[in-house]
Amino acid sequence: MNDMRPLERAVETKEIKFECRDCQVYYGDTHAIKDVNVDIEDKTVTAFIGPSGCGKSTFLRCLNRMNDTIDIARVEGSFLLDGENIYDKRVDPVQLRAKVGMVFQKPNPFPKSIYDNIAYGPRIHGLAKNKAELDEIVEKSLRRGAIWNEVKDRLDAPGTGLSGGQQQRLCIARAVATEPEVLLMDEPCSALDPIATAQVEELIDELRESYSVVIVTHSMQQAARVSQKTAFFHLGNLVEFGETGQIFTNPKDPRTESYITGRIG
Amino acid sequence: MPLLWIVLVVLGLGLIGYLMGRSRALGSAGGDGRQLHSLPSYYGWHGFMLTVVPALLMMAAWLLVAPSVIENRAAAGIPDAKIAERGSRSLVMAEVRRTGEALDMAVAQGTMDEDMARNLRADFTDVTERLKATGAIITTTVDQPILEAAQNYRVMAKASNLYMSIAVLGLAVVGLVFAFMRSDKDFRARNVVEQGIKAILILASTIAIMTTLGIVLSMLFETANFFEQYSWREFFFGLNWAPDFRGNSELGMLPLLWGTLYISLVALLVAVPIGLFAAIYLSEYASPRLRAVAKPMIEILAGIPTIVYGLFALITVGPLIRDWIAQPAGFGNSTNSVITAGLVMGIMLIPFVSSLSDDIINAVPQAMRDGSYGLGATQSETIKQVVLPAALPGIVGAVLLAASRAIGETMIVVMGAGAAAAQMEQGLGAIINPFQAMTTVTVKIVSQLTGDTDFASPETLVAFALGLTLFVITLGLNVLALYIVRKYREQYE
Ligand SMILES: Nc1ncnc2c1ncn2[C@@H]1O[C@H](COP(=O)(O)OP(=O)(O)OP(=O)(O)O)[C@@H](O)[C@H]1O
Ligand SMILES: [Mg+2]
Numbered sequence: 001m002n003d004m005r006p007l008e009r010a011v012e013t014k015e016i017k018f019e020c021r022d023c024q025v026y027y028g029d030t031h032a033i034k035d036v037n038v039d040i041e042d043k044t045v046t047a048f049i050g051p052s053g054c055g056k057s058t059f060l061r062c063l064n065r066m067n068d069t070i071d072i073a074r075v076e077g078s079f080l081l082d083g084e085n086i087y088d089k090r091v092d093p094v095q096l097r098a099k100v101g102m103v104f105q106k107p108n109p110f111p112k113s114i115y116d117n118i119a120y121g122p123r124i125h126g127l128a129k130n131k132a133e134l135d136e137i138v139e140k141s142l143r144r145g146a147i148w149n150e151v152k153d154r155l156d157a158p159g160t161g162l163s164g165g166q167q168q169r170l171c172i173a174r175a176v177a178t179e180p181e182v183l184l185m186d187e188p189c190s191a192l193d194p195i196a197t198a199q200v201e202e203l204i205d206e207l208r209e210s211y212s213v214v215i216v217t218h219s220m221q222q223a224a225r226v227s228q229k230t231a232f233f234h235l236g237n238l239v240e241f242g243e244t245g246q247i248f249t250n251p252k253d254p255r256t257e258s259y260i261t262g263r264i265g
Numbered sequence: 001m002p003l004l005w006i007v008l009v010v011l012g013l014g015l016i017g018y019l020m021g022r023s024r025a026l027g028s029a030g031g032d033g034r035q036l037h038s039l040p041s042y043y044g045w046h047g048f049m050l051t052v053v054p055a056l057l058m059m060a061a062w063l064l065v066a067p068s069v070i071e072n073r074a075a076a077g078i079p080d081a082k083i084a085e086r087g088s089r090s091l092v093m094a095e096v097r098r099t100g101e102a103l104d105m106a107v108a109q110g111t112m113d114e115d116m117a118r119n120l121r122a123d124f125t126d127v128t129e130r131l132k133a134t135g136a137i138i139t140t141t142v143d144q145p146i147l148e149a150a151q152n153y154r155v156m157a158k159a160s161n162l163y164m165s166i167a168v169l170g171l172a173v174v175g176l177v178f179a180f181m182r183s184d185k186d187f188r189a190r191n192v193v194e195q196g197i198k199a200i201l202i203l204a205s206t207i208a209i210m211t212t213l214g215i216v217l218s219m220l221f222e223t224a225n226f227f228e229q230y231s232w233r234e235f236f237f238g239l240n241w242a243p244d245f246r247g248n249s250e251l252g253m254l255p256l257l258w259g260t261l262y263i264s265l266v267a268l269l270v271a272v273p274i275g276l277f278a279a280i281y282l283s284e285y286a287s288p289r290l291r292a293v294a295k296p297m298i299e300i301l302a303g304i305p306t307i308v309y310g311l312f313a314l315i316t317v318g319p320l321i322r323d324w325i326a327q328p329a330g331f332g333n334s335t336n337s338v339i340t341a342g343l344v345m346g347i348m349l350i351p352f353v354s355s356l357s358d359d360i361i362n363a364v365p366q367a368m369r370d371g372s373y374g375l376g377a378t379q380s381e382t383i384k385q386v387v388l389p390a391a392l393p394g395i396v397g398a399v400l401l402a403a404s405r406a407i408g409e410t411m412i413v414v415m416g417a418g419a420a421a422a423q424m425e426q427g428l429g430a431i432i433n434p435f436q437a438m439t440t441v442t443v444k445i446v447s448q449l450t451g452d453t454d455f456a457s458p459e460t461l462v463a464f465a466l467g468l469t470l471f472v473i474t475l476g477l478n479v480l481a482l483y484i485v486r487k488y489r490e491q492y493e
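From first to last, the protein sequence lines stand for chains Z and U. UniProt numbering applies: residue 1 is where the first sequence begins, and numbers increase by one. UniProt numbering applies: residue 1 is where the second sequence begins, and numbers increase by one.
Some hints could be false.
[Stated by the list, open to error] Pairs of lysine to any residue residues, derived as SDA-like cross-links and limited to a Cα-Cα distance of at most 20 Å, are as follows:
no. : chain 1 : residue 1 : chain 2 : residue 2
1   : Z       : Lys112    : U       : Val396
2   : U       : Lys384    : Z       : Pro122
3   : Z       : Lys112    : U       : Val485
4   : U       : Lys384    : Z       : Phe248
[As the list claims (entries may be wrong)] Now the in silico label distances, taken between C-beta atoms and shown as ranges:
no. : chain 1 : residue 1 : chain 2 : residue 2 : range
5   : U       : Glu194    : Z       : Ile195    : 44 to 50 Å
6   : Z       : Gly262    : U       : Ala363    : 38 to 44 Å
7   : Z       : Asp71     : U       : Lys198    : 40 to 46 Å
8   : U       : Lys384    : Z       : Lys152    : 27 to 33 Å
9   : U       : Asp184    : Z       : Arg154    : 58 to 64 Å
10  : U       : Val308    : Z       : Glu133    : 31 to 37 Å
11  : U       : Pro273    : Z       : Asp71     : 27 to 33 Å
12  : Z       : Arg154    : U       : Thr212    : 39 to 45 Å
13  : Z       : Asp71     : U       : Gly214    : 46 to 52 Å
14  : Z       : Val91     : U       : Ala363    : 28 to 34 Å
[As the list claims (entries may be wrong)] Far from chain Z by the CB rule (all over 10 Å, computed), these chain U residues:
no. : residue
15  : Gly12
16  : Gly110
17  : Val174
18  : Arg182
19  : Asp186
20  : Ile209
21  : Glu250
22  : Pro288
23  : Lys295
24  : Ser372
25  : Ala377
26  : Gly427
The set of hints was computed from the structure by calculation and includes no laboratory data. Glycine residues also receive a C-beta, built at the ideal position from the N, C-alpha and C atoms.
Between the sequences and the hints, there should be enough to build the whole structure, so can you do that?
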């Protein structure tokens with residue numbers, strides 16, 4: 001019967017979206033990422049975990065070349081997105097970032113209205129033909145960001161006037177609005193209450209159907225709940241990378257084990 | 001006692017107060033600092049503050065009040081006829097002071113002894129010659145009433161100085177003893193010092209505010225005098241500026257106000273785009289190394305004296321504009337023009353706009369830019385749609401500050417645009433042609449005050465009315481700028 005087909009598809013081996021080889025990042029003289037090799041699959045949620053300062057954000061920022069904006073940062077290695085090296089001279093970082101969206105660790109809404117915050121990406125990329133379409137995109141994105149009900153009556157209010165958690169969901173909605181192929185989320189739930197967290201996790205699960213999502217998190221439970229693949233970083237090294245279930249139940253490296261059982265961090 | 005000595009002695013007492021307060025507090029705690037309510041140095045500062053601050057305040061007050069009291073008393077002996085002869089009381093008093101100084105010098109040089117200086121009489125000896133011999137500036141013959149007043153003046157000034165020394169040093173000692181008595185291990189010196197520091201800060205800001213108030217009040221006073229002699233309606237709405245020192249002047253301020261606004265507008269049209277673009281380039285595109293060189297270079301512009309800009313306008317820009325634009329196009333043939341002054345003033349204002357805007361643009365958090373780049377925006381899109389809107393209120397503040405600079409500028413206007421008021425009655429062409437000479441409120445304030453006329457005539461007093469108007473305008477602009485800048489602070493975060 002038809003019921004069988006989605007299951008069949010789920011078993012298919014997924015395409016590799018990002019293939020990262022021998023990646024190094026330096027901040028001036030600090031070697032922040034050392035020899036990282038990782039494959040990020042399409043239509044999968046990949047979680048990055050690890051103690052604070054181990055380089056999760058740094059590595060995440062390599063994936064859409066956000067480190068370009070930091071003068072002292074230097075990135076080496078190959079990052080193949082759909083087979084093309086994103087650090088190649090021919091690649092326009094601007095277009096890359098439209099494809100690889102990002103939600104930052106700290107909420108950073110623009111000092112504009114809520115509506116304009118969401119409409120920002122669609123406007124610069126010309127995603128909407130007219131106002132009605134734009135309205136539709138804004139509403140859909142806010143709903144996906146699990147914040148529609150709270151802001152639907154005040155779309156003209158400034159985005160900076162929202163609470164921290166609301167701002168973060170606004171930023172998620174903003175990133176989703178440009179329809180990226182890969183969504184990078186840096187601790188998207190660290191400022192959210194359990195209800196909003198559940199809503200965002202639901203969103204992540206939904207995004208997985210069409211995109212690849214990479215999420216940095218400090219919550220083991222969250223990583224276990226939402227991700228299929230988990231990467232454990234420690235002091236700039238990728239210590240272990242594998243199926244989430246395997247990492248959490250049967251870690252191979254002793255450092256991973258002590259981290260998830262709460263002994264380092 | 002010379003002032004410097006008084007101050008030094010007071011400071012010395014303060015030091016003693018510091019050491020005594022500290023050691024007494026420590027002593028009351030048996031030498032164990034931990035038993036004290038506050039750190040030992042707080043007891044010291046408490047002693048220092050109580051010794052020095054009231055004493056110096058008293059000295060400042062004395063120095064402010066005493067001269068006018070002494071002058072009043074010395075002037076009391078001068079007959080009215082004398083005052084009428086010399087014109088005004090202040091002129092007579094200036095003479096008295098100079099004579100007094102000459103007597104001091106004579107005593108210092110040994111040509112007179114103190115007794116002689118006090119009892120000298122103009123009717124018996126040739127005082128004038130003897131005083132001139134000291135090298136003092138004596139312009140008229142010193143006659144008996146003046147000499148007597150000067151002698152009184154000297155004696156009173158001496159006495160005042162003596163009383164002041166005693167009072168100030170006495171107060172310092174009282175403060176010292178009081179602080180010393182209070183220093184005890186349970187005394188909350190830290191809190192008192194905190195209060196004291198707050199009081200000093202409040203005092204400083206009060207002085208600033210009072211000065212502003214004083215300026216406004218003195219202007220108001222003279223302006224009121226002016227409006228008693230000249231109709232305010234004609235002043236504010238008159239289209240003609242034609243002062244005539246023989247009377248019957250027309251003192252409409254609109255031509256001057258128009259000149260001010262027009263020249264400022266041209267200046268801002270030059271300064272704002274250039275300054276803003278320079279700021280954007282420096283803060284967003286330039287490499288740190290280029291920025292480190294370029295920013296100070298632009299700021300050098302702000303250090304050039306306005307008179308130098310004026311010269312530049314007078315001998316370079318003015319003739320250039322006349323020869324290459326105004327004359328060929330038939331717009332006029334004067335070297336002085338609105339355009340010249342506006343252009344040069346605009347150059348002067350570039351660093352104001354660029355430096356402030358640069359700071360403001362830099363204050364926009366990097367997270368804001370990251371957010372925009374993260375959505376796939378280019379650098380110029382990010383600047384246009386995120387950075388500038390976020391910085392806009394601050395930039396407007398910077399522009400308004402530049403505008404108040406432009407409105408207050410005098411030198412560049414005289415040398416660039418001349419000193420002839422706009423001929424508003426000749427119609428629109430005469431008003432808006434930017435290639436003609438025009439002048440501003442500030443220039444006319446100077447020329448009205450330096451005119452050789454009676455100080456009480458409307459032709460002179462009008463300067464105060466103009467000044468006050470200008471003050472109100474720039475104050476309004478500054479308040480607006482402050483308001484906008486403050487609002488801007490709440491923007492992000
Ligand atoms: N802009 C920067 N300049 C210099 N050093 C940096 C910069 N950003 C990060 N680092 C350094 O790189 C290392 C990794 O930082 P990163 O922000 O990637 O850690 P993280 O794993 O995201 O930590 P957290 O969980 O606390 O967010 C740290 O040692 C940090 O000090
Ligand atoms: Mg991080």
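We went through each hint and held it up to the structure:
no.: 1; hint: Z:Lys112 with U:Val396; verdict: holds (18 Å)
no.: 2; hint: U:Lys384 with Z:Pro122; verdict: holds (16 Å)
no.: 3; hint: Z:Lys112 with U:Val485; verdict: holds (17 Å)
no.: 4; hint: U:Lys384 with Z:Phe248; verdict: violated (47 Å)
no.: 5; hint: U:Glu194 with Z:Ile195: 44 to 50 Å; verdict: holds (46 Å)
no.: 6; hint: Z:Gly262 with U:Ala363: 38 to 44 Å; verdict: holds (41 Å)
no.: 7; hint: Z:Asp71 with U:Lys198: 40 to 46 Å; verdict: holds (42 Å)
no.: 8; hint: U:Lys384 with Z:Lys152: 27 to 33 Å; verdict: holds (29 Å)
no.: 9; hint: U:Asp184 with Z:Arg154: 58 to 64 Å; verdict: holds (60 Å)
no.: 10; hint: U:Val308 with Z:Glu133: 31 to 37 Å; verdict: violated (59 Å)
no.: 11; hint: U:Pro273 with Z:Asp71: 27 to 33 Å; verdict: holds (28 Å)
no.: 12; hint: Z:Arg154 with U:Thr212: 39 to 45 Å; verdict: holds (42 Å)
no.: 13; hint: Z:Asp71 with U:Gly214: 46 to 52 Å; verdict: holds (51 Å)
no.: 14; hint: Z:Val91 with U:Ala363: 28 to 34 Å; verdict: holds (32 Å)
no.: 15; hint: Gly12; verdict: holds (52 Å)
no.: 16; hint: Gly110; verdict: holds (73 Å)
no.: 17; hint: Val174; verdict: holds (56 Å)
no.: 18; hint: Arg182; verdict: holds (49 Å)
no.: 19; hint: Asp186; verdict: holds (45 Å)
no.: 20; hint: Ile209; verdict: holds (33 Å)
no.: 21; hint: Glu250; verdict: holds (51 Å)
no.: 22; hint: Pro288; verdict: violated (7 Å)
no.: 23; hint: Lys295; verdict: holds (17 Å)
no.: 24; hint: Ser372; verdict: violated (7 Å)
no.: 25; hint: Ala377; verdict: violated (5 Å)
no.: 26; hint: Gly427; verdict: holds (47 Å)
Checked against the numbered hints given earlier, the structure breaks hints 4, 10, 22, 24 and 25 and satisfies all the rest.
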